[in-house]
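K.L.:
Start from the sequences and build out the full structure, keeping to the hints where you can.
Heads up, the sequence shown is in my numbering, so the first residue is 733 and it goes up one at a time.
Be careful, since some hints might not be right.
What the hints assert, rightly or not - Straight-line distance between alpha carbons at most 25 Å, and here's what the computed DSS-like set of lysine-lysine pairs gives:
#, residue 1, residue 2
1, K797, K822
2, K823, K790
3, K869, K855
Claimed, not checked - Beta-carbon label-pair distances, calculated as ranges:
#, residue 1, residue 2, range
4, M784, E842, 22 to 30 Å
5, A813, E858, 29 to 37 Å
6, R832, L749, 46 to 54 Å
7, N852, G886, 48 to 56 Å
Keep in mind the hints are simulated off the structure, nothing from the lab. Yeah, the Cβ is synthetic: ideal placement off N, Cα and C, and Gly gets one too.
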Amino acid sequence: MILGNVKHKGISEIQALCLSHKRAVTEGWLDNIAAVLFARHIAASEAEEEIMKELEKKYDNMKDKLILQMLEQQMGADEWAKYSEKDRQKKLMQVKLRERQLRAAGRESEADELYQSMINVQKIKEESEEAARIRQKDKIKAMLEYRRKRQEEGAKKTMKNIKMTSLNVQLHYSYCVHWVFSQY
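P.N.:
This is how it looks when you write it as structure tokens:
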């Protein structure tokens, strides 16, 4: 840096630069090394800031999607489908604004509870759906058991009817045979 600007400087300026450089070396200032290290650090921090901004954007987009999904699940798919995209975005902004207000007021726990309540509503809904599935499964089992018993009872009745019919046929046959023999 110093050498690049030497052409444009006068002799007195160059001598002053040399004296300040000698003094920095003798006193151990290490300006050149610090400049190189900090320049890299500054460049690295600028790159890191850019990466952090991109990550924050990505995180915010993911968070928005999750909030929209939670709102949909909280309201129900049918009700959510009735909303226009503008109304959905309005609901999203209301939730985000409420969260920002709570965090700005230093009420972090309440802001976390905002999302926790949405998650709890989802859990309750899933549990009730699971309970409904279990009840439905039990109903189906009971119906199948009832059908099986009815079929068994029907089969028993059919067998009994077959036996009775067979007995009646035998009795009728023996009566007929007896009648025929009695005629002679």
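K.L.:
Does each hint fit the structure? Answer for all of them.
P.N.:
Hints, verified against the model:
1. With a CA separation close to 14 Å, the supplied pair K797 and K822 stays within the 25 Å bound.
2. Proximity of K823 to K790 is assessed by CA-CA distance (about 20 Å); at most 25 Å being required, the pair is judged to hold.
3. Straight-line distance between C-alpha atoms of K869 and K855 comes to about 21 Å, which keeps the hinted pair within the 25 Å bound.
4. At about 27 Å, the CB distance of M784 to E842 agrees with the hint of 22 to 30 Å.
5. A813 and E858 have their C-beta atoms about 20 Å apart, which leaves the hinted 29 to 37 Å range violated.
6. Distance hint check: the CB atoms of R832 and L749 are about 53 Å apart, consistent with the given range 46 to 54 Å.
7. Checking the proposed 48 to 56 Å range against N852 and G886 shows it holds: the Cβ atoms sit about 50 Å from each other.
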